Structures are given as structure tokens and as C-alpha cells.
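Peer 1: Could you build the full structure based on these sequences and the hints that come with them?
Protein chains: 2
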Amino acid sequence: MELKQIYAPIQNDLDKVKDTIKSISRIEYKWLSGQLSYIVSETGKGIRPALTLLTGKLYHYDLNYLIPMAVSVELMHTATLVHDDTIDKALTRRSQATINSMWGDEIAILMGDFLFAKAGEFVADTQTPRVIKLFSYTLGIISSGEIGQFRGAYNIKQNREDYFRRIYRKTGSLFSLSTQSGAILGKAPEESVAITKEYADNLGIAFQIVDDILDFTSTEEALGKPVGSDLIQGTLTLPAILIIERNPQDNPVKRFFESRDNKDAVEAIDTAKNPEIIKECYKIAGEYCEKACRNLKSLPQNISRQALYDLAEFVISQGT
Amino acid sequence: MELKQIYAPIQNDLDKVKDTIKSISRIEYKWLSGQLSYIVSETGKGIRPALTLLTGKLYHYDLNYLIPMAVSVELMHTATLVHDDTIDKALTRRSQATINSMWGDEIAILMGDFLFAKAGEFVADTQTPRVIKLFSYTLGIISSGEIGQFRGAYNIKQNREDYFRRIYRKTGSLFSLSTQSGAILGKAPEESVAITKEYADNLGIAFQIVDDILDFTSTEEALGKPVGSDLIQGTLTLPAILIIERNPQDNPVKRFFESRDNKDAVEAIDTAKNPEIIKECYKIAGEYCEKACRNLKSLPQNISRQALYDLAEFVISQGT
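Taken in sequence, the protein lines are chains A and B.
My numbering puts the first residue of the first sequence at 8, with every later residue one more than the last.
My numbering puts the first residue of the second sequence at 8, with every later residue one more than the last.
Just to be clear, a hint being listed does not mean it is correct.
Which copy? The list can't say, so a pair holds if one copy fits it or any two copies do.
To be verified - Taking lysine-lysine and the DSS-like style, the derived pairs with C-alpha atoms no more than 27 Å apart in a straight line are:
{"hint": "1", "residue 1": "Lys52", "residue 2": "Lys298"}
{"hint": "2", "residue 1": "Lys232", "residue 2": "Lys261"}
{"hint": "3", "residue 1": "Lys140", "residue 2": "Lys23"}
{"hint": "4", "residue 1": "Lys194", "residue 2": "Lys140"}
{"hint": "5", "residue 1": "Lys304", "residue 2": "Lys290"}
{"hint": "6", "residue 1": "Lys140", "residue 2": "Lys29"}
{"hint": "7", "residue 1": "Lys298", "residue 2": "Lys270"}
{"hint": "8", "residue 1": "Lys194", "residue 2": "Lys164"}
Just so you know, the hints here were simulated from the structure itself, not pulled from any lab data.
As the structure is a prediction and not an experimental result, all values here were calculated from the model.
Peer 2: Below is the structure:
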């Protein structure tokens with residue numbers, strides 16, 4: 008199933024979210040409009056705002072609150088990418104030159120801050136202190152998690168559990184804000200808020216595992232950045248961790264982390280592409296998707312709930 | 008009058024604000040505690056949280072809301088300093104090595120983000136969407152203003168009005184958030200909120216003018232950074248603008264901006280220290296302080312109001 012079909016119940020409103028984001032660059036701060044329109048011109052899958060709208064639509068679908076919330080999660084996501092690219096010295100993202108490579112680190116730092124500010128303004132428009140607090144809490148989880156990742160670069164002593172915790176912070180936490188805010192603003196009962204949290208925590212982890220698989224198995228063209236970027240940056244992802252698990256004493260990942268040599272990087276990337284490794288990674292991602300969905304049946308039976316099931320399926324079908 | 012005397016009505020509560028900020032490093036994220044306790048160990052004058060508490064105390068002094076708000080403005084201030092230092096490649100601030108110089112730009116970017124997040128959590132604790140929105144709006148003003156400043160570096164074609172607008176964004180806006188939030192949370196009538204805004208907008212500009220004077224007239228020891236840092240970074244401040252006004256065609260600031268030569272920098276800095284220039288700058292700062300105070304008489308006559316007058320006086324007495 009294509010994302011377009013899954014998003015059908017909320018597509019019109021998701022378009023409004025994207026239009027609202029684009030309008031930021033038109034209405035304010037003429038000296039930012041060049042960068043802003045560049046940043047918002049290339050949009051990703053929109054999975055986070057879609058999650059907010061879909062969970063909101065499970066209950067009381069009030070777009071006065073849900074659109075600003077969906078705008079807010081997408082802007083927070085964009086802001087974190089701008090800062091991450093600056094930290095990683097990344098040249099391209101989604102086949103487009105990064106802000107830091109176009110305008111320098113200084114502008115990228117400030118542009119990220121500006122996007123956080125805009126995200127904060129939109130979340131304030133929800134008039135709901137609980138989701139506002141969750142929004143800031145989530146940003147704290149993400150940024151402190153990135154510090155942990157940066158500090159752990161080229162550290163071979165990280166196991167699966169470390170990895171799952173790390174990608175929860177990186178991706179699961181913002182998925183979780185996206186669904187919980189939708190549910191809270193939709194006036195869902197507390198048990199349902201908790202179910203949408205469980206769904207998003209686990210879906211986010213599954214999504215990140217698949218993203219990390221694709222970093223090895225996809226092409227530079229499709230990725231919009233070099234294959235194996237994570238490993239080259241010293242970030243251990245699941246395929247690399249499985250390589251280490253299989254032969255802890257001597258393996259190409261360890262050799263690369265020790266030598267930082269290009270030849271060793273190529274070998275490590277090749278080994279990560281091993282079909283057994285990749286199959287195992289997909290299996291683990293699939294388990295997180297199952298965990299994500301296990302309590303969805305308690306939510307109201309409607310097209311939004313079905314979309315949540317379909318989205319989980321979509322996530323693990325990527326690249327297969 | 009010393010700050011200690013001015014702060015007397017709220018000193019105990021300001022200490023609570025500082026303790027709360029220090030406690031962040033103790034309670035969470037052990038991998039951040041080193042950096043966090045370093046950042047919060049050296050505190051500045053605390054003028055922003057003091058403004059929140061003093062304006063709050065004019066009316067209904069509810070510390071359940073005012074303490075988180077005061078913590079929030081101070082954390083936002085700290086976060087912007089961490090990012091500014093990274094952008095300016097500053098080595099020291101308040102005689103202490105900067106985060107970027109200690110741990111690198113990557114950690115500084117993320118640590119700034121983390122502090123924004125914490126600031127956001129505290130402002131959410133005010134449970135008041137209006138001040139939360141103002142908080143985010145202010146961050147947008149500050150970060151977009153910094154982009155303008157960065158872009159305008161070494162641009163000789165900036166006049167007083169450009170400068171006043173720029174320092175409003177840099178400093179006035181956060182002073183303004185500090186007092187307005189205090190007044191709003193103190194349930195002040197709307198006219199009083201507007202008066203505290205007028206006070207802070209202008210006090211912030213006066214404060215920044217004096218700060219910019221001291222950047223030339225003070226010593227490296229007292230500043231905790233080299234004398235003339237702003238000019239060397241290509242930032243035009245009031246003393247330099249007055250030099251340009253007096254002789255637009257040929258002046259040492261213009262020569263330095265063209266040559267970027269150290270000899271020319273020394274001459275420009277020397278010229279900025281000219282007593283007439285400095286006197287004129289203080290006069291302008293004084294006018295902003297008068298403007299700040301002109302409607303304070305309409306506020307309730309109590310020790311907090313007196314402290315606002317005294318603070319304005321303190322601001323322009325610095326360095327004289």
C-alpha cells in the first residue's frame with residue numbers, strides 16, 4: 008500500500024499543514040525568506056504530522072488545534088535535521104544541499120533555532136499546557152540523545168539495548184509526541200492516549216531500524232547521500248551491531264573503527280549488506296511493528312485506526 | 008546603588024530560581040551533568056529573572072508560576088549565549104572558557120538546544136498559553152535578529168536606527184518577555200502589562216548600549232574577553248556608528264572593515280574610546296532609560312516599582 012492511500016482520510020488536512028509551513032517563509036522576516044523557502048521546499052514523507060492528524064481523527068477532530076500541532080511536530084523535526092546536518096557536516100539530504108553546506112554553520116545554527124521558535128509558537132496555539140510541556144520534554148530527549156550519540160561515535164562497545172534506547176530518543180520520542188498530542192487534543196480517554204504512545208514509541212523504533220537498514224542497502228541516488236554514512240560517521244546501527252555480535256573479537260566494523268581507513272569502511276559496509284544480517288534486522292523491525300499494533304484494537308474502529316495499522320505495515324515494507 | 012540592594016524585595020526568590028537552574032544538572036541525564044553544571048556554575052547578573060519577579064510582585068505574587076517563568080527566561084538567555092559563542096567562535100565569556108571551546112561546536116549546538124528545551128518545559132509549567140506563545144515568539148525574534156547581525160557583519164552601511172532595531176531583537180525582546188510574563192502571571196491589568204513592556208523594551212536597549220560601550224572602555228580582565236570584540240567580529244555598535252557619522256567618507260572603522268588589518272582595528276578601538284563619543288553614547292542610553300521609566304508612575308506604588316526605577320539607574324551607571 009502506498010502512503011498516499013494510507014493518508015487518504017487526512018490528505019486534505021495534511022496539505023493544509025504543508026501550506027501553513029510554506030507560508031512561514033512568505034509572511035515574515037524578509038531576510039530569512041530565501042533560506043526558509045529552501046528548507047520547506049523539499050518535504051519528506053510527512054509521517055509525523057500525519058500521525059498527529061490520524062490519532063486526532065480517532066476522536067474529536069478539531070483542526071483548530073490539530074493543524075497547529077501537526078505543523079509544530081514537522082517544524083521541530085525539520086529544525087533537528089538542520090542542526091544534525093550541521094553537526095555531521097553533511098553535504099546533502101534528500102538529494103538537496105544542506106543548509107550548512109549552502110550558507111555555513113552559523114546560519115544553520117540560527118535557522119534551526121528559528122525553526123524551534125516557530126514550532127514553539129504553533130504548539131502554543133494548541134492552548135494546551137500538557138502538549139506544550141510534552142513538546143519541550145521531547146526536544147530535551149532528542150537533543151540529549153544526540154549528545155549521547157555524538158559522544159559514543161566510534162565506540163564499539165554498544166549493544167542492541169543501547170541502540171534501541173538511542174533510536175527511541177532520536178525518532179521514537181517525536182513519533183510519540185505526534186500521536187499523543189493528536190490523542191490529547193482529540194480529547195481521547197487516557198487509556199487511548201497511552202495506546203497511541205505505545206504505538207508511536209515502537210513504530211518510531213521500527214521506522215529508524217528500517218532507515219538504518221536502507222543506509223546500507225539502498226543507493227546513493229535513492230538515499231540522497233552516500234551509502235553507509237552512519238557507519239562512516241562512527242554511528243553504530245543495527246546491521247553493524249549484528250556483525251559485531253557474530254564475531255565480537257574480530258570483525259570489519261571493529262577494524263574500521265580502529266583504523267578509520269576507507270578500505271575497512273568499504274568492507275564493513277559490504278558485510279552489513281549480507282542478506283542474513285538484513286533479514287534479521289527486518290525481523291526485529293517487524294517485532295517492533297507488532298508491538299506497536301498490539302493494543303490498537305482497543306481504539307475506536309474507524310478509517311484512522313485502519314490507517315495506523317497500514318502505516319506500520321508500510322514502515323516495514325520499505326526497501327523490501 | 009548596588010544590584011543587591013535593588014534585588015532585595017525578591018532576593019530570596021531569585022536564589023530559588025538559581026537553585027532550580029542548578030538542580031537541572033543534578034537530576035537528569037548523567038551524560039550531560041558535567042557540561043550542565045559547568046554552564047550554570049557561572050551566573051550573570053540575573054537581570055532577566057529579576058525583572059520577571061519584580062514585575063510579578065507589583066501585583067499578585069504567585070511563585071508557583073513566577074519561579075518557573077523566571078527560570079525559563081534565564082535558561083533561554085543561557086541557551087542563546089551558548090549558540091552565539093559557537094557562531095562567534097568565542098573562547099571566553101565571563102572569564103570562563105566557552106562551551107564550544109571546551110567541548111567543540113557539536114556539543115555546544117546540542118547543549119543550546121537542550122537548554123531551549125528545558126526553558127520550554129519551565130515555561131509550560133506556567134500553564135498560561137499567552138506567555139508560552141510570547142516565549143516562542145521572542146526566541147524567533149532573537150534568532151532571526153542574530154541572522155541579520157551575522158549577515159550584516161563588516162557592513163559599514165548601518166545607521167543608528169538599524170542598530171537600535173538590532174539590539175532590540177538581541178536584548179530588548181527578552182527583557183520584554185521577562186517583564187510582560189511577570190505582569191501577565193501576576194494578573195496585572197492590560198494597561199500595566201503594556202507599561203512593563205515599554206519599560207523593558209527601552210531598558211533592554213539602554214542595557215545593550217552600555218554593554219556595547221563597555222566592550223570598548225572596559226578592560227579584558229573585567230570583560231572576560233578581549234576589548235573591542237564586537238568590532239573585531241565586524242559588528243557595528245553605537246560608538247563605532249558615531250565615529251562613522253562624524254566622518255562618513257573616511258574613518259578608522261571604515262578602514263578596518265576594508266582592510267581587516269589588526270593595526271586598523273587598534274586605531275578604530277582607540278577612536279571609539281574618545282570621551283566625547285562615549286559621553287554621547289551614555290546620553291543616548293540615558294534617553295532610553297528615561298523612556299523606559301516614563302509611565303512607571305501609573306503602576307502600583309510599592310517596593311517593586313521602586314526597584315524598577317533603581318534598576319534603570321543602575322543600568323546607565325555601569326562603567327561611569
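Peer 1: Confirm or reject each hint.
Peer 2: Hints, one by one, checked against the model:
1. In this homomeric assembly, lysine 52 and lysine 298 come within 27 Å of each other (Cα to Cα) only inside a single copy, at 23 Å, whereas the closest approach across copies is 51 Å.
2. With identical chains, the CA atoms of lysine 232 and lysine 261 are at most 27 Å apart within one copy only, with a shortest distance of 23 Å there and 43 Å across copies.
3. With identical chains, the CA atoms of lysine 140 and lysine 23 are at most 27 Å apart both within one copy (25 Å) and between copies (21 Å).
4. Taking the closest pair of Cα atoms, lysine 194 and lysine 140 come within 27 Å of each other both inside a single copy (17 Å) and across two copies (22 Å).
5. Taking the shortest alpha-carbon separations for lysine 304 and lysine 290, only the intra-copy value of 23 Å comes in at or below 27 Å, while the best inter-copy value is 71 Å.
6. Proximity of lysine 140 and lysine 29 under a CA criterion of 27 Å is satisfied in both settings, with 25 Å inside one chain copy and 20 Å between copies.
7. Within a single copy, lysine 298 and lysine 270 get their C-alpha atoms no closer than 39 Å, and across copies no closer than 68 Å, so neither meets the 27 Å cut-off.
8. Taking identical chains as interchangeable, the C-alpha atoms of lysine 194 and lysine 164 are never at most 27 Å apart, the minima being 44 Å within one chain and 54 Å between chains.
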